[in-house]
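Chain P is already provided as a structure; the job is to place chain C with the ligands on it using the hints.
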Amino acid sequence: MDMQATKKKLGLKERYQVMTRGLDWEPSYQKKEDIYPYVAYEGIKIHDWDKWEDPFRLTMDAYWKYQAEKERKLYAIIDAYAQNNGHLNVTDARYLNTVKLFLTGVSPLEYMAHRGFAHAGRQFPGAGPRVACLMQSLDEIRHAQTQIHALSNYNKHYNGLHDFRHMHDRVWYLSVPKSFFDDAVTAGPFEFMVAIGFSFEYVLTNLLFVPFVSGAAYNGDMSTMTFGFSAQSDEARHMTLGLEVIKFILEQDPDNLPIVQRWIDKWTWRGYRVLTLVAMMMDYMLPKRTMSWKEAWEVYFEENGGALFKDLARYGITMPKCAETIALEKDHLSHQAWGTFYNYGAAAAFHTWVPEKEELDWLASKYPDSFDKHYRPRLEYWREQAAKGNRFYNKTLPMLCQTCQIPMLFTEPGDPTKICYREVDYKDNKYHFCSDHCKEIFEHEPEKYIQSWLPVHQIYQGNCFPEGTDPTAEGFDPLAAVLQYYHLEFGRDNLDFEGSEDQKNFDAWRGMATKNA
Amino acid sequence: MHIDLRTVTIKPLRHTYDHVARRIGGDKPASRYQEGTFDLQATANFHYRPTWDPAHEIFDTSRTAITMADWYAFKDPRQFYYGAYTLARAKQQDTAEANFDFVENRGLAQALPVELKDAVLRLLVPLRHVAWGSNMNNASVCAYGYGTAFTQPCIYQAMDQLGIAQYLTRVGLLLGDLDTLDEGKRAWMEDDAWQGLRRYVEDCFVLQDPFELFVAQNVALDGLLYPLVYETIVDDVLSSRGGTAVAMLTQFMTDWYGETKKWVDATMKTAAAESADNKALLETWTSHWRDRAAAALLPVARLALADNADSVMSDVVQQFNSRQAKAGVAI
Ligand SMILES: [Fe+2]
Ligand SMILES: [Fe+2]
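Just so you know, the protein sequences line up as chains P and C, in that order.
Here the first sequence is numbered in the numbering used here, starting from 411 and rising by one per residue.
Here the second sequence is numbered in the numbering used here, starting from 28 and rising by one per residue.
Honestly, the hints are just simulated from the structure, not real lab data.
We put the beta carbon where it would ideally sit given N, CA and C, even for glycine.
Mixed in with the good hints, there may be bad ones.
[As the list claims (entries may be wrong)] With a straight-line cut-off of 25 Å between C-alpha atoms, the simulated DSS-like cross-links for lysine-lysine are:
#1 K55/C x K38/C
#2 K118/C x K480/P
#3 K118/C x K475/P
#4 K212/C x K419/P
#5 K212/C x K442/P
#6 K731/P x K657/P
#7 K914/P x K38/C
#8 K118/C x K483/P
#9 K475/P x K289/C
#10 K144/C x K419/P
#11 K441/P x K212/C
#12 K914/P x K55/C
#13 K423/P x K212/C
#14 K212/C x K461/P
#15 K306/C x K353/C
#16 K657/P x K720/P
#17 K288/C x K475/P
#18 K38/C x K925/P
[What the hints assert, rightly or not] Stretch by stretch, here's where chain C covers chain P in the computed footprint (C-beta under 8 Å, at least three residues):
#19 437-450
#20 478-484
#21 562-573
#22 579-589
#23 593-600
[Claimed, not checked] If you want the ones that stay clear, here's a sample from chain P, every Cβ over 12 Å from chain C, calculated:
#24 W459
#25 A646
#26 A797
#27 G799
#28 E833
Chain P with its partners taken away, still in its complex shape (with noise of 0.2 Å):
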């Protein structure tokens, strides 16, 4: 007893060291070189991995405990609201189209985190960055299975959840996601960290997550709430990482500033143009609305992001360029995005329509300054149209961002009556970009970006057709040949919400609910 007593007792910091870093050594049966191979190419410079400052310090058996038990309580949740039925609860079925969004967008960018965050969490010489970006890694298969899970019950009842894994690896929407995140992944562990941890869990989260959980909660559906409240302790942990890696990259050597500034420039902008599709959700797919697309970025990103890059300063980070740009596309972007999936609603896996007259209303108060002198006239011109059986499907393909590989939908800063084309040669062939920054972006790394599998590109090619199609047979179809390559079942994923057969068995499940049949 005595002996116990007089034992020295270990600080939590302390402790927490001798659990983690103090288990590490230094190899001599084999070169830290070969042991690390990816941590030199990308020529951040670090001294001293001991600087590290641990963002969080959870044991193994903390993380258990803890975890157990909002996973116990997010089942129970889970269960209960399918069976109650509470799909039905939702505000009213064009809600459903967000659930589609983000099961076939966002989910499976969930599982390449847990991938990516198992790599660098090998590949780091730092013990302290490693087992936090394993625990990471650990928390996002997490992610990706609890929206699978939560999200089952909607694939049983509604349409355009079906085969969300494999639409999206080939529709051609869902190539914005993907290649987002396979850009990220294929950078080095240092590019992959600013890239993800910092830019997107740290400065974007707030413009993804947030609005698609809130919008959850504003429109009745409790399964998507439930997970994304369930996450955010998760994520509170891996905001600390994002930012701890950019604070430690910075101080371990002054020659790692321009190459973390270009990061940091590179994956703001990619990182907003995939927000392109939650601009578009926020916007006009939420029946109930809570803030429009412009007022999160305002808040979040504006204030919120400048307040960070100002603390930022002081290691000589400043606030992206491109942040100019976006301030002059908020008034549009998500006017735009959504009059281009309207065109392209044949090929979508969501149903798109034209907004009600409050919804149109509402709109023009939030953007007094473009709404109804350039975007209500288009959508009345086309409520009009589909009023008189003309409902309109563009079935040609449009030209793609190399970059970003959105189609070329977005205006040129400043005038929004003028698309922005922007065009780069390289080894004899013409590239295309959607803007100046998609253009740089390029240009710094050509090698990587004349990889892209453009789905309209592949397509042409003939790429994009189930097995044993002859393209050149009589009658050949090709949007259904493309669709059945999507796995997108004709007339029940695609087309208007007006007539869906989610409108209809919606309708039809709430009517038994409420009245005697």
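Just chain C with the ligands, lined up with the frame of chain P:
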């Protein structure tokens, strides 16, 4: 108006996701393991090659010499998805916590005979580095392996091994102090008894084939180390010398090994049954790494068993061989 939606009976359009249905023989209710595992990893239309490994796609079957017609032939018999995994570990963690409390509160650590305590520390404390090595190696298999069915259990295994390294650290701190950990690390770095094992672990760090790494770490090394150290030395030999308290402190490891080896065996069995080439390759890898692991562990066994070490080691190897034979790997 309150709407009672529970009264509504709805015929669903489908019972699971299509990619799951294709794998379970049609549209029928699927388990959470199935929905959380099948086809989660991307297999097609990768946009860019890794700048860190341009010879391969992001996920690429050619990183290993093992070939599979379908990488989702692998099944985790525990059916672990994240939720099931954390619930299982939280339960074991509860037991471990209770065991540590029991030993601590009753002063059982102080009651251990001094030579026995020294022997325990000499044996267990350096093993925290071995567990840490396994954490890295399983992270590797998870990152560079192919298909969620194969890689998913590896992140669980990686984090389990970190947990084990942390339990061993707590054993060191409970029976000794901070200096005990330093002494354990010194032995790990310098003492002859540990150099074979350290070399083994470091050699694993540079293995490029994720499946060979799986064999070297999870099959060969753990397949000898756990039966030797936890099942034999701690649970039998030390317990009979008055060290039952130690067995309580390492119960997590014993239970964990009993559980995880079912997954390891199932994985070997599936890969070996796939083709004669796979089987031959697994036999070569398994016997190569078994021999190295047995040689590396022998001096460690001597720390606790002295002259008995050789015969205990050969028993452990015999058991290992018959376990592999059951999985279809004849060595
Ligand atoms: Fe996540
Ligand atoms: Fe672009």
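Subject >> Numbers of unmet hints, in rising order >> reply: The structure conflicts with no hint, since it agrees with every one listed earlier.
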